[in-house]
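Q: Given the sequences, and given the hints that come with them, work out the whole structure.
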Amino acid sequence: MVKFSDIKGFVFDLDGVVTDTSKYHAEAWGQLATKLNIDYPGIGDAVKGIGRMDALELILKKGGVENDYTPEQKEALATEKNTNYVQLIQNMTAKDILPGMADFLKSLRDNGYGISLASASRNAPTILAKIGLSDYFTKTVDPANLKNGKPDPEIFIKGAQLLNLDPSQCIGLEDAVAGIQGINAAGEVSVGIGDPQMLNKAAINFIDTTQVTLDNIKKAMA
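In our numbering, the protein residues as written are 978 to 1199.
One or more hints might be untrue.
Derived SDA-like pairs (lysine to any residue); straight-line CA-CA distance at most 25 Å [claimed, not checked]: (1) Lys1025 / Ala1055; (2) Lys1116 / Asp1129; (3) Lys1025 / Leu1065; (4) Lys985 / Ala1055; (5) Lys1038 / Lys1116.
Cβ pair distances, simulated, as ranges [stated by the list, open to error]: (6) Lys1012 / Asp983: 48 to 58 Å; (7) Leu1013 / Asp1112: 34 to 44 Å; (8) Asp983 / Thr1011: 41 to 51 Å.
Just so you know, the hints here were simulated from the structure itself, not pulled from any lab data. Please read all numbers here as calculations on a predicted model, not as lab measurements. The beta-carbon is built from N, C-alpha and C at its ideal position, and this holds for glycine as well.
A: Here it is as structure tokens:
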């Protein structure tokens, strides 16, 4: 078992951990699904934590039309969804930071911990700028350079590499099952934020972001 004293860095997911953009993603995917005449009531939960193209495939399969589009047409559909999403996030501000996360990030920086971002969102830089947290995330994995999406551990391994740390020296924070699987596979300590039954593979679980503090993590790892 990794000791808290071994931890030197924290690798963050963005959506549902630092800020809640899942509602904007769900709305943007919903707009696309409606256009394609696909009825998908649970679309928000289904696409949570996975990459854009993987999410599109899920939606097309739901409608039974996954073979009706060429790779180029699928790319165009994903781009259309992103255009919808970018329009929706333009009004985000610091008020969209999840409760307690600004204080947590400050405590990490004040105590000398490395911080990196491991988000599948290609819009992460825009979102961080909108909510005023860009200065904390100068180390950000570029999802465009990844070969595999979550639950593959690649993005979390790269998040540790950006901090010049071994994954075993890092804690990963996620709110999605696929993300927790990726963190565990990377060999990092997983912190799940949300329903403990859904995130039952996380090494540490907090119901919401208000519980995420250095002291609480230290206690959980004692």
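Q: Please go over all the hints and tell whether each is borne out by the structure.
A: Okay, the hints, checked on the actual structure:
Between Lys1025 and Ala1055 the alpha-carbon distance is near 15 Å, which keeps this suggested pair within the 25 Å criterion. Proposed proximity of Lys1116 and Asp1129 is supported: the alpha carbons are some 20 Å apart, at most 25 Å. Restraint check for Lys1025 and Leu1065: satisfied, since their Cα atoms lie roughly 17 Å apart, inside the 25 Å limit. Restraint check for Lys985 and Ala1055: not satisfied, since their Cα atoms lie roughly 37 Å apart, outside the 25 Å limit.
In summary, the hint linking Lys1038 to Lys1116 is not supported, as the alpha carbons are separated by about 35 Å, beyond the 25 Å threshold. Look at Lys1012 against Asp983: about 50 Å separates their beta carbons, and that is inside 48 to 58 Å. Checked against the hint of 34 to 44 Å, the pair Leu1013 and Asp1112 passes, with Cβ atoms roughly 40 Å apart. In this structure the hint that Asp983 and Thr1011 lie 41 to 51 Å apart at CB holds, the actual value being about 49 Å.
Of the hints listed earlier, those the structure fails to meet are numbers 4 and 5, in rising order.
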